[in-house]
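Make a model of the complete structure from these sequences and hints.
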Amino acid sequence: MKVPDIKELLIDDSPVSDDDFRRQNLVNVIGSIIFMIAGPLFIYQGFYLLTWPYTVKWGALAIALGFFVLFFGFSLWQDRQVQVLRRMYVRDAAEIRQILGELRDERKEQKK
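Just so we're aligned: 63 in my numbering is position 38 of the sequence shown, and the numbers increase by one with no gaps anywhere.
No lab work stands behind these hints, which were simulated from the structure alone. For each residue, glycine too, the CB sits at the ideal point set by N, CA and C. Treat the hints with caution; some may be incorrect.
Derived CB-CB ranges, DEER-like [unchecked claim]: (1) GLY56 <-> LYS133: 46 to 56 Å; (2) ASN50 <-> PRO78: 38 to 48 Å; (3) LYS27 <-> THR76: 48 to 58 Å; (4) ALA85 <-> VAL109: 30 to 40 Å; (5) ARG48 <-> PHE97: 15 to 25 Å; (6) ALA119 <-> LYS27: 27 to 37 Å; (7) ILE62 <-> VAL109: 18 to 28 Å; (8) ASN50 <-> PHE93: 19 to 29 Å; (9) VAL107 <-> ASP130: 30 to 40 Å.
Here you go:
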């Protein structure tokens, strides 16, 4: 059985236009913001429910769910940052290769 490579699973190499990438980025950032806002609201509601003896279990569950939602939102935001930085790195590397190729060609011409 072939074991999948983790790096290939985590890195999205699909060719996406700049507009599609910006749209995807905006949607994912908005989603992560929603999760980052909802998480503390769950935590706040959980602490409110802890004040009543009959709802302590629900309060603890709401606090745990709030932390889970908060961490999930942060994970989505961090994933988008990694994708943006990786896209910038690929562009910069291609630009540097092009510039180095031009400099190499100029040197060859100067030596002739």
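Hints versus structure:
1. GLY56 <-> LYS133: 46 to 56 Å: This hint holds: roughly 51 Å between Cβ atoms.
2. ASN50 <-> PRO78: 38 to 48 Å: At roughly 46 Å between Cβ atoms, PRO78 and ASN50 fall inside 38 to 48 Å, so the hint holds.
3. LYS27 <-> THR76: 48 to 58 Å: For THR76 against LYS27, whose Cβ atoms are near 54 Å apart, the range 48 to 58 Å holds.
4. ALA85 <-> VAL109: 30 to 40 Å: Holds: the Cβ-Cβ distance is about 37 Å, inside 30 to 40 Å.
5. ARG48 <-> PHE97: 15 to 25 Å: This hint holds: roughly 22 Å between Cβ atoms.
6. ALA119 <-> LYS27: 27 to 37 Å: Since ALA119 and LYS27 have Cβ atoms about 31 Å apart, the given range 27 to 37 Å holds.
7. ILE62 <-> VAL109: 18 to 28 Å: holds, 21 Å
8. ASN50 <-> PHE93: 19 to 29 Å: Given a distance of about 24 Å, which is inside 19 to 29 Å, the answer is holds.
9. VAL107 <-> ASP130: 30 to 40 Å: Roughly 35 Å apart at Cβ, these two residues keep to the hinted range, so it holds.
Hint compliance for this structure: every hint is met.
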